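Visitor: Sequence:
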Amino acid sequence: MAKSKQPVNLTSAEVAEKAGVSLDQAKRLWRALGFPEIGDDEAFFDEADVQALAKANEISGNGLVSFDLVVNLTRGIGQSMARLSDYEVSALLHHVETQNEDERSPSELLKATVSVSEQFESAFEEMMTFAWRRHMRAALARAEASVAGPEEQLGTVWQTVGFADIVSFTALSNTLTEEKIGDLVELFESRCADVVATWGGRIIKSLGDSVLFVNDDPLQAYGTAEGIINVIGRDPRMPDVRVGLASGNVVSRLGDVFGPPVNMAARLTAVARRNRIIIDEATAGAMPEDEFETRRLAARPVRGFGIVEPVAVRRV
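First residue of the sequence shown: 1, per this note's numbering; consecutive thereafter.
Each hint should be verified, as a subset may be incorrect.
Result set (BS3-like, lysine-lysine): computed pairs, CA atoms no more than 25 Å apart in a straight line [said to hold, decoys possible]:
no., residue 1, residue 2
1, K205, K180
2, K55, K27
3, K18, K55
Cβ pair distances, simulated, as ranges [claimed, not checked]:
no., residue 1, residue 2, range
4, S168, K55, 43 to 53 Å
5, F130, D102, 32 to 42 Å
6, T198, E88, 21 to 31 Å
7, N230, A171, 22 to 32 Å
8, T98, H135, 28 to 38 Å
9, E58, L23, 12 to 22 Å
10, S168, E88, 24 to 34 Å
11, N72, D102, 46 to 56 Å
12, L110, F130, 24 to 34 Å
13, E281, R133, 32 to 42 Å
14, S66, E37, 18 to 28 Å
15, F258, H135, 13 to 23 Å
The set of hints was computed from the structure by calculation and includes no laboratory data. The structure displayed is predicted, hence computed values, not measured ones. Cβ coordinates follow ideal geometry from the N, Cα and C atoms, glycine included.
Generate coordinates for the entire structure from the input sequences, incorporating the hints supplied.
Guide: Written out as structure tokens, the structure reads:
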């Protein structure tokens, strides 16, 4: 259902009929992809849309999965591609703007951005497929790990969750221009992503001034947290950061993670001092005493957890 250079001459009803699905099913898939509702009489679609709908119908029609699941997976595609497209366009616009030596107008810069996008579109599409296949294998391996233990909890795995955020971001953003804020967030996210990948973790989500990540091993999670502080908080050109780590059973669903460790990691960042790491008791118990020094902090109420004793940690 993606737009193409083919003639746009089909209504939603015509697309549904040619693809062999009901109009209601076609609309559900269209909404799942994140696109606005189109009038039934408006010729907005082309043969590429027919092919995409037919493929979705083929997937559910062979009995392997239900149509409801196809819609669910389609929603994941739509959300991921929407974010990726925004990321790609903003990055390309920034690139073209920085190369603007001849002082072109905004409309000319936009045309140049479109041109650059078209030139590497095919190669980028191949890269997306490659990355998807590799990440699928990794996700299946994580699912396999979730049933390797004695409890065999499918989709639930013991992990260390990390939450890192920029200290006083709201106050800081009030002193910066919009361009400077964008540059800061981009640098923060890219540096965090590099560190997380280096230590074998995954970024679950980025929220502008914070990132949520997971590691299978607490020591790797500590290395991730330490690395984020080194490349962000220790850089005099960057703001300070705080990192909280919590370990336990985590449920992975729809590209996100859920469970007490997720909430605890977020709460612990509020306790952490600037450029410091605070961990929970479960993570502290996994730290080798000959490599790390842990120190219990004063007990305090933590929303959703009652009275908690956070633990400060550092390498010895």
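Visitor: May I ask which of the numbered hints given earlier this structure violates, with the numbers listed in increasing order?
Guide: Of the numbered hints given earlier, the structure breaks none, since each of them holds.
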